[in-house]
Amino acid sequence: MQAFIGILTQLLHAALILIAAPLLTGLVRLLKARLMGRRGPHPLQPWHDLRKLLLKRPVVAETASAVTIFAPWVAVGAAMLAALLVPSFARGMALAPIADLILIAGLLALGRIAMALAGLDAGTPFGGLGAAREMAFAAFAEPALILATLSFAIIAGNTNLDAIAGAFQDGAVGVRVSLALSLLVLLAVAVAENARIPVDNPATHLELTMVHEAMILEASGRHLALWDYQASLRLTLWLALIAALFLPFGLAAPGAGPLAWALGLAAFLLKMGGLALALAVFESAIAKMRVFRVPEFLGAALLLGLLAAVFLFVSTGLA
Amino acid sequence: MLTALALLLAAMLLLGLLAPLAAATVLGARLLYTGTAAGAIGFALVALAALLGGGAEAAPLPVGPPWAPALLALDGLSAWFLLILGITGTASSLAALGHAVGPQPARVLVPWPLFLGGMGLTLAAADGFTLLLGFEAMSLASWALVAADHDRAENREAARLYLAFAVVSAACLIPAVGLLAAGPRDFAFAALRDSPPDGWRAVAVLALALAGAGAKAGLAPLHAWLPLAHPAAPSHVSAVMSGAMTKVALYVLCRILFDLCGPAQPLWWGLPLLALGAASALIGALRANLEGDTKTLLACSTIENVGLVTIGLGLALAFRGADLAPLAALAAGAALLHALNHSVFKTLLFLGAGEVLQAALSRRLDRLGGLIRGMPWTAGAVLVGVGAAAALPPLSGFASEWLLLQALLAGWRIGEFGVQISVAAATAVAALAAALAAAAMVRFFGLAFLGRPRTPRAAGATEHGGPARVALVGLAALTVLFGLLPGPLLDLGAEAVRLLSGGALATRWQVTGLSAGDGVARYLPLAVALLLALLVAGLALGLRRRSPPGVVLGPAWACGFIAPPPHLPLGDPATQPSAAGLAQPLGRMLGGAVLAAEERVTMPDPGETAPARIESGFRDPSFPWLLQPVARLRDALATRAERLRDLGIRQCLMLTFGLLVLLLALVAMLERQ
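For the protein sequence lines, the chains are A and B, in the order given. For the first sequence, the working numbering begins at 14 and goes up steadily by one. For the second sequence, the working numbering begins at 4 and goes up steadily by one.
Not one of these hints is a red herring.
Per the computed footprint, the stretches of chain B lying under chain A, defined by three or more beta-carbons under 8 Å from a beta-carbon of chain A, are:
hint, region
1, 424-431
2, 554-567
Rough simulated footprint, nothing fancy, chain B against chain A, three-plus residues with beta-carbon under 8 Å:
hint, region
3, 74-83
4, 86-95
5, 134-147
6, 150-163
7, 167-175
8, 316-329
None of these hints come from the bench; they were simulated from the model. We put the CB at the ideal spot given by N, CA and C, even for glycine.
Given only the sequences and the hints, what does the whole structure look like? Please build it.
Shown next, in the form of structure tokens:
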């Protein structure tokens with residue numbers, strides 16, 4: 014029974030995330046536009062864009078190789094799998110045993126490297142520029158994420174996302190300074206990983222300031238649709254990750270029934286809406302940084318992560 | 004089993020002695036490389052037999068004096084490293100066989116079997132003297148191979164530096180073994196194990212073993228020779244030096260610190276290993292991002308990976324000292340698994356770089372590009388290696404780094420505050436190094452294989468089939484296989500893990516994957532690979548109806564750049580990222596602090612027609628902080644020693660007499676003790 018419920022919730026979760034991901038992107042765009050005094054596109058616009066792009070045959074550069082053709086599939090696969098691992102409305106999904114934070118970091122790295130290689134593939138200037146910057150940012154973001162994981166591992170005794178969410182949901186953990194610091198770390202890493210302002214601008218049209226967009230400048234048609242879809246999936250995955258770890262209320266317990274799921278779903282939508290609004294407000298209120306200021310931003314996150322762990326050592330040592 | 008091993012070692016020696024006869028003809032070179040490949044396969048088979056069926060007790064060889072015969076043995080630890088040697092040696096011999104198209108000089112052929120045999124002897128040794136004999140044979144043979152291409156000045160320079168480091172390594176390891184043997188007055192490992200050193204002797208053994216084995220493994224700060232010597236050697240030799248020789252050095256470190264120093268070491272013994280490992284990982288990974296030469300870049304990545312393995316070993320020592328045997332097993336398993344995985348994918352990458360050198364006649368990234376079209380097999384195999392080196396799931400590098408990170412994340416369970424802080428810092432550095440390695444690998448693959456060719460030679464590069472391709476594809480297959488089945492692989496090394504963790508328990512790993520402990524995180528690579536494949540296949544099937552098939556080829560858009568003029572058939576080189584350009588962000592962000600990287604821009608005055616120039620460079624900190632002071636000290640000592648030449652006959656006699664008295668006094672003092 015437990016296994017059946019696990020598979021059922023996993024399938025529902027997959028359907029929810031895969032459908033909702035472009036909607037979330039659309040929602041953030043709409044909210045940002047409204048905050049800036051524009052009307053903004055309909056939240057369904059990303060879905061329309063995807064449909065339109067899918068109908069077009071990709072144009073591939075003559076200098077490109079098979080990497081350009083396979084990279085978007087690898088990136089989408091990695092992003093989909095990572096998104097399937099992060100709980101949305103219920104814990105105890107079928108894939109919960111492998112929902113390890115380090116694996117999620119690895120899957121994100123897989124997508125990132127596929128994108129960087131695709132950027133270098135055609136031998137164009139901006140692709141290489143974007144790839145070099147993206148990999149340099151990741152060199153700071155990844156250790157910061159691992160250090161946040163260290164704090165979770167100390168508090169919850171585990172790096173499994175489902176188990177951490179469960180431990181935090183039980184409330185036995187209490188409010189800790191380290192958790193607040195870890196939240197800051199995860200927020201900074203999420204901003205960098207999703208190419209949001211202030212690290213990168215997802216809506217930029219100036220090639221020199223591009224990081225993420227520069228790598229997919231050569232992509233078109235189906236390939237571009239895949240790249241856009243994986244970007245939406247990553248944004249959803251990061252917001253869901255933060256929601257599951259720091260706002261765990263409402264998550265249906267393993268083996269709970271449909272009523273708890275409905276409650277969890279409502280809570281999940283509420284949390285995601287709130288996070289999307291927070292992201293839109295943050296992005297509207299802040300200016301993009303110079304590229305070489307980003308290491309300071311992410312380096313601060315790295316140090317905060319280390320500080321969170323040190324606080325934990327001190328507090329567990331005193332206890 | 005030991006008989007077979009002894010025969011294999013004797014065969015390697017014989018091959019080395021017969022090699023001058025093979026130097027005249029192509030057939031001879033091919034026969035020799037076939038012979039070493041067969042010998043290396045033999046090593047791997049013996050190692051597998053020992054891992055599956057338990058090791059072999061020490062047995063004497065019919066050489067050496069009657070009171071201290073040379074002993075051979077094979078336990079779990081040495082068999083694990085012998086497996087590494089077997090895989091690496093087989094693949095490299097095959098690659099050498101594939102490229103043996105002309106007669107090879109004896110200076111390349113003679114040391115090759117001796118090099119492999121020396122490493123085999125080091126691993127099989129069961130007494131200190133044989134261990135040192137094998138280690139020095141390995142050092143000397145590899146020096147000859149580094150110096151093989153001695154027409155070029157930089158290779159001679161590299162060989163000289165390499166020899167200096169080999170001497171340092173010997174000058175540390177021989178006293179270390181001597182100190183170990185001082186108590187029991189015997190060289191056999193069994194005797195050394197029974198009376199481990201204590202007090203200052205133990206500390207001295209730790210320091211000497213770290214310096215001696217670390218200099219050979221490329222641990223910071225004794226890593227300066229590695230990025231110079233590895234590229235200087237022929238490619239198949241670089242592959243074995245990176246894949247196997249550094250691992251043999253780590254084996255010696257493990258043997259001395261974990262085995263011969265007794266079952267219990269204090270907690271702090273892990274800290275030097277942790278610190279040196281973290282420093283190596285950081286410096287190696289960062290340098291790999293800045294180098295412009297394929298083989299130098301790969302050598303720097305070797306420094307990084309050796310650092311990661313050493314972090315695992317240091318953690319295992321610390322956990323052992325804190326009586327946390329299961330966690331020690333976790334850390335030791337991570338170190339062993341990463342040593343094996345690294346040797347496989349790094350051999351693959353070096354052999355791939357060798358193919359590139361053969362086909363495009365350059366190691367410089369700025370003279371390559373677009374090789375994936377002319378060399379699809381090499382590119383595919385190297386891509387697998389690059390993925391593993393960048394620690395991407397589900398390949399082999401991710402499995403071992405996952406295990407290492409799990410061990411690091413459990414480091415806080417050691418109650419000491421200082422150790423906790425050190426482990427947390429090491430965690431950050433290990434994660435940073437892993438991310439930097441990923442960046443370096445993207446740069447390597449992107450510049451060498453993707454994009455447009457940067458030279459006509461790169462545009463015309465084609466690859467050869469034959470044994471070299473078999474080696475590449477075989478190594479790529481092993482990389483995937485080890486990535487999918489890390490659990491059974493570690494089961495194979497259970498005896499080695501038990502030896503390193505010092506516990507009697509043999510942890511059983513799951514067939515399907517790895518686990519960091521009971522009820523803690525799990526990594527199931529088979530499930531991950533299957534899910535990835537299912538998701539991609541499902542999406543592709545789903546989109547087949549909705550999206551028109553195939554792609555259309557067109558000129559690169561490049562934000563509207565016009566097509567290059569006809570006198571640039573490969574396109575304008577200035578519109579393609581260069582090695583220095585891809586290195587710039589990381590060089591600016593981290594290079595300044597760690598490697599003193601700097602950029603100088605010279606702008607001509609307005610109106611002047613001179614070009615503006617940007618120069619960038621970096622310095623490895625081991626040169627100004629270690630090598631140059633040592634060189635100055637050497638010069639000063641040499642100047643002092645020069646004065647001895649001016650002494651008269653009476654003074655010379657007095658010196659001799661004084662020395663004699665001193666030695667006699669020393670003997671008298673030692674006799675009294």
